[in-house]
Amino acid sequence: MNFDIGFIFQVMGQIIRYVPITIYMAVVSLIIGGMLGLVVALVRYYKVPGLSQLFSIVITILKGVPLILVFLVIFLITSQNFNHFAKAVGWHIRYGDLPMSVLAIIGLSLMATVGLSEAFRGAFESVKQVQFDAARSLGMTQLQTIRRVLIPQTMPVALPMIINMFINLIKGTAIASLVSVVEIFSAATQAASSNYKYFEAYIAAALIYWMMTIVIERGAVFLEVRMDKKIKRS
Amino acid sequence: MSFIEIKDVHKSFYQKEILKGIDLTLHKGEVIVILGPSGSGKTTFLRCLNTLEQADKGQIKINDVTKDFTKKDHRNTRDLILKTAMVFQGHALFNNMTVLQNVIEGLVRVKKTPHQEAVKIGLAMLEKVGLSDRADYYPVQLSGGQQQRAGIARAMAMKPELLLFDEPTSALDPELVGEVLSAMKELAQEGHTMIVVTHEMQFAYEVADRVLYMEGGIVVEEGTPQAIFNTPQDERTKKFLARLSGKNFDDVELVEV
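Residue numbers (numbering that gives the first Met the number 0), protein chains in the order written: chain A, 0 to 233; chain B, 0 to 256.
Read the hints as simulated data drawn from the structure, not as lab findings. Each hint should be verified, as a subset may be incorrect.
[Unchecked claim] No more than 30 angstroms apart at the CA atoms, straight line, and that leaves these computed lysine-lysine pairs for DSBU-like:
1. Lys71(B) to Lys127(A)
2. Lys46(A) to Lys110(B)
3. Lys237(B) to Lys19(B)
4. Lys184(B) to Lys127(A)
5. Lys56(B) to Lys127(B)
6. Lys15(B) to Lys127(A)
[Unchecked claim] With the Cβ distance kept under 10 angstroms, some of the chain B side facing chain A (calculated, not the full set):
7. Leu51
8. Asp72
9. Asn75
10. Arg77
11. Gln88
12. His90
13. Gly105
14. Val109
15. Gly150
16. Ala154
17. Tyr204
Just so you know, even glycine gets a beta-carbon here, dropped at the ideal spot from N, CA and C.
Kindly produce the complete structure, drawing on both the sequences and the hints.
Structure, rendered in structure tokens:
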């Protein structure tokens, strides 16, 4: 087998078109997962009766399952039931009309929810308790305290983990190829199928993933430096 | 009629009774210092007064607001909270806000004071505690003493009728204690009603109108600072003061033995 460097660049040129869809899936999942994760973390932090236990069970179950299984389960459930469900609710769409990226986003969002809820919970612990007493003694409501004191102090602490999750989501999108979303990984596989130069194609895909994560990491460092100015002694 | 009446405050944690019925009445402008060994319930008492801890029994009346601690009534609780303000041991400033933002947070979010007016009040309060030049600093950029003074400014900005101080100098380096105490002294002289839990005897002696000695969840003895410090009546008060000041009240006991 001779190594074809030219083909790497050729594939890269082809698959770079799928960078936007990859980023789209990752960003949407990060936002959904971030919001759900925040809610889950808050519920567990404030030990809301009932919900807190429920979430902790759900999180434990999801945490212990590989992402690929979550994807397949979602695929199986939706593919069998969506049409009945849509009919019952009165939607005029069929399963085949759904963009498959939606399925990927559901799976990735679940993964992000699990990871980020744990990240936020850890970050909540870093906020000094006496500040909640102070907020209460000023007459602030619990919601005001969460919004004005807890969350702003949580974000800088959780940021490295959020970025890490973003990178994991980018890589996780490769699994979306399983549910027939065309993204970087599946595009690379397709490009190689004509001449069987899989090795070169995968290197091309790896290079693209690398470039994306490097850009994200650089951006994160920039953000962290800006946030640290407030929280840490200069 | 007294300005503030606190009646029969009880509080238990895990079946252990920490407060066994505390009564206290204050006149407007009176400064009360509570002394006592750790575990005597003085901090718990203070925290019960603004419902940071829910007392099992008791009531408080401040001016026109009466709050029965056993009754859950959000409006009533809020009214009480707005009548009081508390200064904590330390690290109670919101770390994500500048000093000025800390001071005006309660005004803007709770009292719905227009922002400009709140800033004006905030700056005036900071001026009072000598922190005008630190208004735009974040808490981590301040010394412990400055943080505590900012905490005092934040409490004062709410214009409370009763100021509560929970050992405001106990977490400070010795050389920073003075600036905080002198800020408190100034407030006392301005006629604010204050309850101070502290171990600073000098402060208690100079500033307090009345000193309470608490131990085991009850007020053992109370009186003017002169009376408490110079001629304590109760054995427990004597022992505590002796331990604290090195003044040897135990001598008498030794003779007896």
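Going through the hints against the structure:
1. For the given pair, Lys71(B) sits about 27 angstroms from Lys127(A) by alpha-carbon distance, which is consistent with the 30 angstroms threshold.
2. For a cut-off of 30 angstroms, the pair hint linking Lys46(A) to Lys110(B) stands: about 29 angstroms separates their Cα positions.
3. A threshold of 30 angstroms between alpha carbons decides the hint, and for Lys237(B) with Lys19(B) the separation of about 21 angstroms falls inside it, so the pair holds.
4. Between the alpha carbons of Lys184(B) and Lys127(A) the distance comes to roughly 28 angstroms, so the proposed pair stays at or under 30 angstroms and holds.
5. With a C-alpha separation of about 37 angstroms, the suggested pairing of Lys56(B) with Lys127(B) is violated against the 30 angstroms cut-off.
6. In summary, the hint linking Lys15(B) to Lys127(A) is supported, as the alpha carbons are separated by about 27 angstroms, within the 30 angstroms threshold.
7. Against a cut-off of 10 angstroms between C-beta atoms, the interface hint on Leu51(B) holds, since the closest Cβ of chain A lies about 5 angstroms away.
8. About 15 angstroms separates the beta-carbon of Asp72(B) from the nearest beta-carbon of chain A, more than 10 angstroms, and the hint is not met.
9. The restraint placing Asn75(B) at the interface with chain A is violated, with a minimum CB-CB distance near 13 angstroms, outside the 10 angstroms limit.
10. At about 6 angstroms, the closest approach between the beta carbon of Arg77(B) and any beta carbon in chain A falls short of 10 angstroms, and the interface hint on this residue holds.
11. Using the Cβ-Cβ criterion of 10 angstroms, the hint placing Gln88(B) at the interface with chain A is satisfied: the shortest such distance is roughly 7 angstroms.
12. Hint status for His90(B) relative to chain A: holds, with the closest Cβ pair at about 5 angstroms, below 10 angstroms.
13. At its closest, the beta carbon of Gly105(B) sits 4 angstroms from a beta carbon of chain A; the interface hint therefore holds under the 10 angstroms criterion.
14. For Val109(B), the interface hint holds, since its Cβ comes within 10 angstroms of a Cβ in chain A; the closest pair sits about 4 angstroms apart.
15. A cut of 10 angstroms between beta carbons decides the hint on Gly150(B): the least distance to chain A is about 8 angstroms, and the hint holds.
16. Nearest Cβ of chain A to the Cβ of Ala154(B): about 8 angstroms, under the 10 angstroms cut. The hint holds.
17. A cut of 10 angstroms between beta carbons decides the hint on Tyr204(B): the least distance to chain A is about 28 angstroms, and the hint is violated.
Checked against the numbered hints above, the structure violates hints 5, 8, 9, 17; every other hint is satisfied.
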